[in-house]
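Protein chains in written order, with our numbering: chain A, 1 to 430; chain B, 1 to 407; chain C, 1 to 504.
No false leads were mixed into what you were given.
Cβ pair distances, simulated, as ranges:
| # | chain 1 | residue 1 | chain 2 | residue 2 | range |
| --- | --- | --- | --- | --- | --- |
| 1 | C | 268 | A | 37 | 29 to 39 angstroms |
| 2 | C | 214 | A | 428 | 20 to 30 angstroms |
| 3 | A | 315 | C | 130 | 29 to 39 angstroms |
| 4 | B | 240 | A | 425 | 41 to 51 angstroms |
I should point out that these hints are in silico values taken from the structure, not numbers from a laboratory. Ideal Cβ placement from N, Cα and C applies to all residues, glycine included.
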Amino acid sequence: MSTTAKVPVPIDESAEPAAVPLRTALKAPILLGVVTMLVALLIAFKARAGKTTFRLAADTDFFDLPAVTVPSTATVATVVVLLALGTAASALLVSRGRRTPLWLIAIFAVVAMVGFLAWAAAGRTVPVVGLLGGSIALAVPLVFGALGGVLGERAGVVNIAIDGQLLFGAFAAAIFGTVVGSPWGGLVAAMLAGALVALVLGFFAITYFVDQVIVGVVLNVLVIGLTSFLFGQVLAENPQELNAPDHFERIPIPVLGEIPVIGPVLFRQTILVYLMYAAVVIVAWALYRTKWGLRVRAVGEHPKAADTVGIKVNRTRYTTLLIAGLIAGAGGATYTLVSVPQFGEEMTDGAGYIALAAVIFGRWDPVRATLAALLFGFATNLSGVLSVLGSPVPSQFMLMLPYVVTIIAVAGLVGASRAPAADGVPYRKG
Amino acid sequence: MSTNETEPAPVEEPAKDPQEPGRFDGVLREIVMGNAMVAVLSVLLAVVVGSLMILLTDENVRDTAGYIGARPSDFFSAVSTAITDAYSALFRGAIYNTNVEGFEGRIKPLTETLKFSAPLILAGLGVGLAFRAGLFNIGGRGQMLLAGAAAGWVGVGMDLPLVVHLPLAVVAGALAGALWAGIAGFLKAQSGAHEVIVTIMLNYVGYYLVFYALSKQGLLQAPGSLNPKSEPMPESVILPRLLGDRFNLHLGFVIALVAVGVVWWLLNRSAMGFRFRAVGENPDAARASGIDVGRTYITVMLIAGGLVGLAGVNQILGTATSGVTVDMDAGIGFDAITVALLGRSRPLGILAAGLLFGALKAGGFSMAAAEGIPVEIVLVIQSLIVLFIAAPPLVRAIFRLPKEATA
Amino acid sequence: MTLELRGITKRFGPLVANDRISLTVNEGEILALLGENGAGKSTLMNVLYGLYQADEGEILLDGAPLKMSGPGDAMAAGIGMVHQHFMLVPVFTVAENVMLGNEATGFAGTLDLDAARQRVREISQRFGFDVDPDALVETLPVGVQQRVEIIKALSRDARVLVFDEPTAVLTPQETDELMEIMRQLRASGTAIVFISHKLREVRAIADRITVIRRGAVVGEASPTATNAELAALMVGRPVELTVHKEPAQPGPEAFVVKDLRVVDDTGHTHLDGISFSIARGEVLGVAGVQGNGQTELTEAIMGLQSHVRGSIRLGEHELVGKSVRKVLDAGVGFVPEDRQVDGLVGGFTIAENLMLNRSHGKPFVSAGTIRNGYLEEFAQTKLVEYDVRASGIQAKASQLSGGNQQKVVVARELSRDLSLLVAAQPTRGVDVGSIEFIHKQVVATRDAGVPVLLVSTELDEIVALSDRIMVLYRGQVVGIVPADTPRETLGLMMAGERPEGTAA
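For reference, chain A alone in the conformation it holds in the complex (with noise of 0.2 angstroms):
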């Protein structure tokens, strides 16, 4: 027993097949094969006779792109079939140990979306433009609205708030819209409203480590009834002289805007949409390349690490709050400073809990956050289009879909989402 001689114990680290991931590669091709399979029912069992017009142009356009006139069926029997070919086309890369690429999954879905609108809009027009222009300006509180809450939560604190900062932010640029004379002076305060709620957030949350899910739902329901109350305490009652902002006007881009489809989309929108734009960059760039950033992911991963480093902890999460509050905040300037120049109670609709699934869904990425958003607002955008053309889906369905696709999310079906690992844990000191 005295000599002992190396026999180094075998470790096969291959051995074991990573059983797990192929299964979450599989999700990709059968998540593709049943919405192939969807689409296909539609022609199998609610075939719509007529052809689908896609009008491309807008009214102003430069160049004018003809309108694309398809027959329904004819046209959802071709997307059912190129459905079928990218499914496959995952399906193999699959087998061969690789993943589906992000941008199959993407032409995937846009060709799934043409087919739909063929079946959808039979014997009608759909105004391309229109829907995603109409998308994008919807969106846009929701965007801001998700980058507040990725901000947040890299930092560790989860912000169910959103909506109390997007709800205070309306009524603030409604008031100071009103009062300075000017939408830029709305835009400001309402900034400072959602900052205002992002830091009573904090006080309860970071100060008092009262769980973080309570004062968010809980301050949403105080926004509400604070502006509910001030509405009709005072505003109901001099509506010339407070609730009557100024709006933005639309702003045409130069050269930008005058590309067929995209430059009215993107470019012929309003400054608040153009702030999303470099928000959206801003945003990405300061969490991931700047040292900001980085103590920023550490306090929300680690901040107890963090802090031995010599971060300080609280003070991080609370400016790193306050940044995402001012964001958010400008997104409830939308509410009031652009189509509809004026408050209303509860205007927000619950918008912010649809920036918090985009979050959720972005996995807690500014980019991924704010693509989400988008998609959000395509689906809210969409059943409005729809229903307006007489669409047989019911338009309560489409609203359904964001909260459908989180929960899908959430449940882990499709692809695995992990958040800051210490998202709403309050940190105390020792």
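Could you slot chains B and C onto chain A? The hints should help.
Same frame as chain A, now just chains B and C:
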């Protein structure tokens, strides 16, 4: 005799310092365990803030404040008038109305308070029970809507004698609420999906589902109508009035009281409740002790959803019998969260909190009618109470109370 | 440079964690801080590192008092710390972790990752580490993670380095390597504070030893002191360094594990076909460095792992595929390795914790209702029998000390009719008195004819209690050897080297 030498202490530093919260300091623990003093003070504080809001927005007060230097007495009398008027209106609406003739008329407000508190208690129990098992049920709205729609569907869709019809409608509603909440429990058990997110999302899915059913002929929409509303409930499913037709108080309140008793037994005396609490306090230890945590999540959410569902039933078959609508939940789903928090997730606490908020509601409507103070002031006070109650150190600091000894 | 702590007092409410502690450590010197669980070592180091503020006393660096309001000040003063629980962000790369809080930046606060990578390589080279600056920390083995901690401290030019229980997660060989690194640092003039409760290591490396007990310095010792002297100083009374037990009287084989494989949810293999058996009246000790499959082994037996293949037979029962409840019903007692996570419900009373795994029927439950009278009587008896020091059976488990918490767990498990006892780290974080008590209970259980599976990362505990020892390394059995196998052999086995002449 074999003896082996050993070094004495395979020891580590303590897992936690005495003051450090450590793992046992569950998220909801402070709320469940805090003391009653803080609760009372929180209510007081919230009422003070609410009063300030009333004053700040009162026109008389604002006008007199303009010349407070010249005639301070005007200002102070305006302040006292505004406050007294508001609170006497609140009192008249919630407890005892001195402005009408006859004892029946005078105590009617009290019965209104009880009527308003019934759904708050029921839904509060649903939220509180889930809390105790470590689950945050924010899905009250969706559960109430689904329950109301199911009860309403049984109500208008069938023609049965009261003894069968009413219980059937009640059970259908409770079941619908249970199943809707059960989805969140099931997903939590299956994949760990966070119930906060799932229940929030289910609120909206439920809303649009019911909205759809209400705008579809043949489902729930009243025949020939274009409004998203069902027919009124027939007599055979309406919860009987407890004190005759002059009062609106109905059987729902009794159901709420019974539910308080049942939940109390469940949590404090039953083996199932023991397991609920074990899972809520420490799911890992529960699992290692042979408790099926996933199944517990599902069971808890089913029961919680059933309780919230009863709140929906209470509305549709008792308080608002004119038909199912998408706003029949009247914010109770969210109010329930505040009730559960104020009641510290304990059945008797929830009963008390439900009565208090019921009184605020009843009184709030009377304030709105008599003084023109928007009823949302109640919402403000309610949420402030919960914020304060969730942060005992803040309340102690404001009232300069000594720190609670850390045991 | 010389670091001096002078009269440091730190209180938590009524409890005095540090009571006027003074100590000095000089340049090029290793000072060991020795003390048992709860003695206040970590509190002291957290004060030194600025995580806690001392109520009294001062910290002097080369005679000048330091003003500390946070770890930032400590680092600026040249104090670095290698934490027991690594202070690394798992989803960050090595370079990001090293630069965190000390970031090199370019335009508008942009991170200069190249500079950080360079710094990591430079320090790695100096100490012969092999660390990839771009590796994600969570993918690195613990030994390498510890090196990242060291690099992190050195990258800030630490001249005083505190190692807090650094060997807890290391193999004996890795421990030797760490000691070599510490010597190298000492030679380069770094002042080192080495916190430990392991007498052997302290004696091996320290230049001076300071012993603390109940928050106060109780003495200085030289590395030449004997184990018994140091132990007595540390505990405050002569310590029984031995566990008295009769030779085992093994009965028939009662617990047989065959070809057990455990895979986790990510597809990673934790146990790779292990087989062993335990006889009635025998203690099988499972030795190994933490993370070599011990946790998965106990959890697989208990039904707490989801992907288990192979066979676990207890008498007539096959346990693989059974729910936790079925396993418990088969008579398996389980002392989990982390009592606060798996063993106790902190918010429950002692009485409630004593019935935690018996809420499904008799004797504590009838007709779905808890029999409070019976429970109270039972709890009262156990409180006395197991010497649990508490205000009463209604005391919350979270209010008890580690030792008393563990006694509650042991009491619960040993109060059932057992056909197997699985005890994982039964004395971790427990005071010496409770250790002695729990060890006696384990031996008594064995003597009552129950097979016992004892898992511990403390080799001393394994050697003291076991009748046979099984060594696990990377999910495989390196060997099953008699309890009197030399420590050096066991140490090598723990590093995966198989002794000649033993079958795996």
